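Chemist: Spelled out from the first residue to the last, the chains are:
2 protein chains.
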Amino acid sequence: MRVDSVPEATLRRLPSYYHYLLRLREKGQEATSAAQIGAALGVHHTQVRKDLAVTGSQGRPKVGHRVDDLIASIEEFLNWNNVSDAFLVGAGHLGTALLGYAGFERAGVRIVAAFDASPRRAGRKVQGVPVLPVEKLPDLARRMHIAIGILTVPADEAQAVAEMMVGAGIQAIWNFAPIVLDLPEAVIVEDVALYSSLGVLSRKLAVRRKAASGKGSAGTGP
Amino acid sequence: MRVDSVPEATLRRLPSYYHYLLRLREKGQEATSAAQIGAALGVHHTQVRKDLAVTGSQGRPKVGHRVDDLIASIEEFLNWNNVSDAFLVGAGHLGTALLGYAGFERAGVRIVAAFDASPRRAGRKVQGVPVLPVEKLPDLARRMHIAIGILTVPADEAQAVAEMMVGAGIQAIWNFAPIVLDLPEAVIVEDVALYSSLGVLSRKLAVRRKAASGKGSAGTGP
DNA sequence: TTTTTATCGAGATGTTTTTCTCGATATATC
DNA sequence: GATATATCGAGAAAAACATCTCGATAAAAA
Ligand SMILES: NC(=O)c1ccc[n+]([C@@H]2O[C@H](COP(=O)([O-])OP(=O)(O)OC[C@H]3O[C@@H](n4cnc5c(N)ncnc54)[C@H](O)[C@@H]3O)[C@@H](O)[C@H]2O)c1
Ligand SMILES: NC(=O)c1ccc[n+]([C@@H]2O[C@H](COP(=O)([O-])OP(=O)(O)OC[C@H]3O[C@@H](n4cnc5c(N)ncnc54)[C@H](O)[C@@H]3O)[C@@H](O)[C@H]2O)c1
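Protein sequences appear in the order of chains H and U. Following my numbering, the numbering of the first sequence begins with 835 at its first residue and continues without gaps. Following my numbering, the numbering of the second sequence begins with 835 at its first residue and continues without gaps.
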């Protein structure tokens, strides 16, 4: 039984509609249709309608949806209008890039502090965000009621750090390490599996090359 | 009709199996089973079997698969044993993080040069990779037969840069900008939609909170 | 005012993906 | 050598997801 009966595929598409709508608004367009959104983003228009329906937004025949309303509906649905404070652990290459990114606030996440085990990293500020020794995380997370943790430590450390986060009351983890965390079911984990992307890319490219250089179909062998 | 009849979901899971297998090998384990992999990664064991089957690897009853063989099969299937040279465009926060990452070579991708429009960035080396003026990309890409482009420029610039890449013979684009590129069908595009992750995370967290604070089911309204 | 048309939304249908079921088999134990 | 068991792999069933179809409706055009 699903608590939330909205397909996850829909949740994944909504942000892309959202960004498209922001661009439409910037260009001064006031209304749009499922057909327009679908054509721009490569999604079938009926699918767009179903997706938008879950946000509660209603369109009108012949006019479509007001861009402003749609943006507001998606924001509300994803709770992107309420910014939550987040902690980031692992202020290395990737962690630093995330700290330097302004776009997450629009997606409901504000990184208020970063943590690192290395004394070289801790103590500084990166992009205005303080980097603290990781030992300070549990106490601070509890006191600040932090709900979101961003995990950008090496894979070997990820499980231990995740457990520390959960122990400190963090409820949702955005995990960039290429590992599946073993945590209580109640914890929300979203993996950013960059390698998955590369798997698809690499395989498709290989198939394309094979097809180009003579033999037709794919597969490991005949 | 699909040229390549392997489900994309399978392609996305294989890298995660791969990393798990590397860890098993490091620990000295010689054989494993679909059940073990599935339990570790939260995938049903029959699903794991189907996924591994596409790589051509065969297991034996009562023993399972040799870890080494599986690793080799996945590498071959994804073409991760042949490293392709790639160009990265946009040596900003995110681009720099990617340049500093050693792990991609194992996934068949070696970034051999980066490009940027800003004169402040171009001319330096980042993590040993030269950063060049973006104007030099087309000629170099052609001469070096670059097949993969990594796109880490702001969303506004992404379409134009992608077109430049395609014009220079690049066949596959790994796109980090939050925009859907409009390119010839033949070009392979893999989007890393970080916001999709955040959509799911944020929504789940909101639903969880709503559930906790009284009312049961989710939804925008009654 | 009537007709045309773009769009919506609901439900039916089709496709893809995941899970379940079960017989086969190689190894280990008795 | 016979029996038990962990594992595989193939096919059936179920679930999730996407697409198709069609009547309704509001705006625009005739
Ligand atoms: N950089 C990338 O482009 C990239 C791409 C894909 C995946 N990843 C993944 O992201 C993670 C980070 O990658 P990176 O390139 O930023 O690595 P990195 O080595 O640059 O940074 C890791 C940081 O984590 C810190 N750290 C280590 N153990 C810690 C602990 N127990 N507590 C707190 N901090 C700790 C280190 O001091 C370091 O600053 C890795 O899991 C990597 O696999 C990175
Ligand atoms: N940094 C993150 O954590 C993050 C997260 C999600 C998405 N993204 C996306 O990744 C992209 C890059 O983000 P960032 O934070 O690294 O931005 P950034 O501004 O730090 O870097 C962008 C770089 O691209 C260069 N550039 C701009 N136009 C160019 C052009 N036409 N040709 C070549 N180079 C050009 C700029 O000089 C700059 O160095 C953006 O699309 C952003 O939305 C970034």
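I should point out that these hints are in silico values taken from the structure, not numbers from a laboratory. Source: prediction; values computed, not measured. Mixed in with the good hints there might be a few duds.
Copies of the same chain look alike in the list, so a pair counts if it fits in one copy or across any two.
Unchecked claim - Pairs of lysine to aspartate or glutamate, DMTMM-like flavour, derived with a Cα cap of 20 Å:
| no. | residue 1 | residue 2 |
| --- | --- | --- |
| 1 | K970 | E991 |
| 2 | K896 | E997 |
| 3 | K1044 | E910 |
| 4 | K959 | E909 |
| 5 | K884 | D902 |
| 6 | K861 | E1019 |
| 7 | K1044 | E842 |
| 8 | K896 | D973 |
| 9 | K861 | D973 |
| 10 | K959 | E939 |
Chemist: Indicate, hint by hint, whether the structure satisfies it.
Modeler: Here is how each hint holds up against the structure:
Within a single copy, K970 and E991 get their C-alpha atoms as close as 17 Å, which meets the 20 Å cut-off; across copies the closest is 40 Å, which misses it. In the homo-oligomer, the alpha carbons of K896 and E997 never lie at most 20 Å apart, since the shortest distance is 53 Å inside one protomer and 34 Å across protomers. For a Cα distance limit of 20 Å, the shortest separation of K1044 from E910 across copies, 13 Å, qualifies, whereas the shortest one inside one copy, 47 Å, does not. For the identical chains of this complex, K959 and E909 are neighbours neither inside a copy (30 Å) nor across copies (40 Å), given an alpha-carbon limit of 20 Å.
Within a single copy, K884 and D902 get their C-alpha atoms as close as 19 Å, which meets the 20 Å cut-off; across copies the closest is 45 Å, which misses it. For a Cα distance limit of 20 Å, the shortest separation of K861 from E1019 qualifies neither inside one copy, at 44 Å, nor across copies, at 27 Å. Within a single copy, K1044 and E842 get their C-alpha atoms only as close as 34 Å, which misses the 20 Å cut-off; across copies the closest is 18 Å, which meets it. Proximity of K896 and D973 under a CA criterion of 20 Å is satisfied in neither setting, with 56 Å inside one chain copy and 48 Å between copies.
Proximity of K861 to D973 under the C-alpha cut-off of 20 Å is found in neither arrangement, the shortest distances being 46 Å within a copy and 34 Å between copies. Taking the shortest alpha-carbon separations for K959 and E939, only the intra-copy value of 19 Å comes in at or below 20 Å, while the best inter-copy value is 31 Å.
The earlier numbered hints that this structure contradicts are 2, 4, 6, 8 and 9.
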